[in-house]
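Asker: For reference, the chains in residue letters:
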Amino acid sequence: MSRYRAAVAIFGLVLGVAVLRSLRRAHIRIEYSSIWILSAGSIVVVAVWPGLLTSAAALLGIGDETFFLLFMTIVFSFLMFRLSLAVSRLKDDNTVLVQRVAMLEYELNKSSQPGPPKPGERL
Amino acid sequence: MIEQFSLPGSRRFLVIIPAWNEELSVGGVIASVREAVPGAPVIVIDDCSEDATASVAAAAGATTIRLPCHLGLGGCVQTGYKFGFEHGFDYVIRIDADGQHDPKDIPRIVEALEETGCEMVIGSRYLGPDGHFTSFLRRVGIVFLRLLLRGLLSASIRDPTSGFVGVNRRALAVFERVFPLSYPEIEILAVLQRRRFRFHEIPTTMFRRQAGRSSIAGWKHLHYLTCVVLGVFINVLKYDGPAPPPRQVRD
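Chain order of the listed sequences is A and B.
Numbered by the numbering used here, the letters in the first sequence go through residues 1 to 123 in order.
Numbered by the numbering used here, the letters in the second sequence go through residues 1 to 251 in order.
What the hints contain is simulated information worked out from the structure, not anything from laboratory work.
This structure is a prediction, so every number in the text was calculated from the model and none was measured.
Check before you lean on any hint, since a few could be wrong.
Unchecked claim - Chain A side only, calculated, beta carbon under 7 Å to chain B, not exhaustive: (1) Phe67; (2) Val98; (3) Gln99; (4) Val101; (5) Ala102; (6) Asn109.
Built from N, CA and C at the ideal position, the CB exists for glycine as well.
From just these sequences and the hints, can you work out the full model?
Answerer: Laid out in structure tokens, this is it:
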């Protein structure tokens, strides 16, 4: 195995271990971890047996390994886009929740605040 | 002149001070606001500061809303707008917690809101005779943003990054639902134009920061500009159709 293939295999292994550790610590949800585990496994397998890339390309009728990799990049990009949508939506929801919690907390504790929240009155 | 804004029955306004790690300056800003507009309600929105900003603000006599997570400037300011809208204020004036703005200008901003009927009045550091303390990089960025806004929105604005801003209830009704969360000052102008709202600039005094440092410094200028340009373009793309030129009010 060449040094480059070994480096790629090690990268795949490190990625896989990082994902599994994150799963064990509940830092990542299972539905979002599957794509990363699959990616890590694929990287290791292709690094060890590079001929599989040619076989996979032929199986899909692509013929050229370069275009097969491009195809996989496109698939991966769509998945990343989907994850970015999920993160953006969660961030927006989080903003609304944080603001609401802060204002409710204010309403609960306003007796200890300097003044009432009515317009025209000193707060 | 000042007292009319705190008399019962007059148009009622709220002063909001978004603050993040501003324990050294927020107390002085609150005291200055109290002195400039006695009786005006003042709310500090503490963006989950890691220092004593919230307790300093409370000790200075301001009502304090503490965000449980750090949201960034846009989320922090929007909290103040939501509060003002839900509590029925006619106007909300935003002033920075770093002491760069002169609270004595608040009555003039409220006056301008009332007299012009504009949805937003911006306190500009570049319209007045006083000095304006900005770094060279920031000045270059402001010139670039002026040109961008003039080209994209057909709007001429001298100080597009000003954080000294007053809005009326029509604007609050929009901003409590739709507000740019990362770098609000520029993008909000695009939102205003989409709604066919008007803005107006008045000269205001700008001081040096009392303490702390700007969150936009060094290489972050470039990141800021990139995000702002993208944000403005996205807001332009949201247009439903051709919009008329903004009804900018001039002196």
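Asker: Next step is simple, just say for each hint if it's right about the structure.
Answerer: Quick rundown of the hints versus the structure:
With 7 Å as the threshold, the beta carbon of Phe67/A stays out of range of chain B, its nearest partner Cβ sitting at about 31 Å, so the hint is violated. Contact between Val98/A and chain B, as hinted, is supported at the beta carbon level, the nearest pair being about 5 Å apart and thus within 7 Å. With a cut of 7 Å, the hint placing Gln99/A at the interface with chain B holds, because the nearest CB-to-CB distance is about 5 Å. Because the smallest distance between the Cβ of Val101/A and any Cβ of chain B comes to about 6 Å, under 7 Å, the interface hint for this residue holds.
This hint holds: Ala102/A has a C-beta 5 Å from the nearest C-beta of chain B, less than the 7 Å allowed. Given hint, Asn109/A at the interface with chain B, is violated; its Cβ is 9 Å from that chain's nearest Cβ, farther than 7 Å.
The structure fails hints 1 and 6 (numbered hints given earlier, in ascending order).
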